[in-house]
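Student: Could you build all of it, start to finish, from the sequences and the hints given here?
So the protein sequences, as listed, match chains Y and E. Mapped onto my numbering, the consecutive letters of the first sequence carry residue numbers 1 to 103. Mapped onto my numbering, the consecutive letters of the second sequence carry residue numbers 1 to 165.
These are calculated hints, taken from the structure and not from any lab test. It is possible that part of the hints are untrue.
Claimed, not checked - According to the in silico footprint, chain Y covers these stretches of chain E (three or more CB under 8 Å from chain Y):
1. 38-47
2. 129-135
Stated by the list, open to error - Listed next, the in silico DSS-like pairs over lysine-lysine satisfying Cα-Cα at most 25 Å (straight line):
3. Y:28 with E:89
4. E:132 with E:121
5. Y:88 with Y:102
6. Y:28 with Y:88
7. Y:28 with Y:102
8. Y:88 with E:89
No experiment lies behind these values; they were computed from the predicted model shown. The beta carbon of each residue, even a glycine, is placed where N, CA and C say it ideally should be.
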Amino acid sequence: MFEVGLTHYLVVSSFLFAFGIYAILVRKNAILVLMGIELVLNAANINFVAFSRYGNFGLNGQLIALFVIILAAAEAAIALAIVLNIYKTFGHVNVDEIDNLKE
Amino acid sequence: MSIYDFIFYLFAAITIVSGLMVVSSGNIVRSAFYLLATLFGISGLYVLLGADFVAVTQIMVYIGGILILLLFGVMLTSDITHIEIKKGKVAVLPAVVGVGVLLGSITSIMMKTNWKIELSKIQQTTTYDLGKLLITDYVLIFELLGILLLIAMIGAASMARRDDK
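Tutor: So this is what it looks like as structure tokens:
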């Protein structure tokens, strides 16, 4: 039970996934929503690396985790540019009050 | 309980507790710093899984890059000298119920499934083999990701610097 195995890592990652989904659903501030997305991506990454270790898939899982990290970097850059534009247009970044694509 | 288990529980506790603080903290700057602790704990878990290169990349890209980017976003879009930083939440109760159900079902699936475990060999260092995989089996994805990153950077720069005249 206390011997750490695959299940332990999967449970940690499902907790992170749930927290991330909660942040995406509940928080108003766009940047906090972004943090939730990062948590979800990290949860997926833990799963990839854990299965790579416990499933004898070689290093493929780790490599895919690296690809996910790269995608997360691109996503964060684009999303923050969008958030800055939203701030310029509306003066706030509350995602529940933004209902226009232009002024 | 071996030392490995002890270190795992330590990092798992750091990850989960600070992950919870990220989503529940009222102050957005605090959330960002709790996210730092979460990412650090995750990179500790990677080390325990024998993924040294992924762990270092996690620290360099996430903590060194993405987190700084998020903090810049916080500073540029919120009035952090102001006491009341946007901390609003919508529909907390349904979200808590839904996420609770989701968490319970995922966790029980993870625990009940009979995983076919076949330990892969722990390598001294994974960097050499990762690099070899990257330029053989995954070379197309590697190149595409390079192009994608370039496009994303150009797009982000041109979007953020748009002059509204």
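Student: State for each hint whether it applies.
Tutor: These are the hints, each one checked on the structure:
1. 38-47: holds (count 5)
2. 129-135: Result for this restraint: holds, n = 4.
3. Y:28 with E:89: Roughly 6 Å between the alpha carbons, so the hint for residue 28 of chain Y and residue 89 of chain E holds.
4. E:132 with E:121: holds, 17 Å
5. Y:88 with Y:102: holds, 11 Å
6. Y:28 with Y:88: Answer holds: residue 28 of chain Y to residue 88 of chain Y is near 17 Å, not above 25 Å.
7. Y:28 with Y:102: Holds, at roughly 20 Å.
8. Y:88 with E:89: With a Cα-Cα distance of about 22 Å, the restraint between residue 88 of chain Y and residue 89 of chain E holds, given a limit of 25 Å.
The structure is consistent with each of the numbered hints, conforming to all of them.
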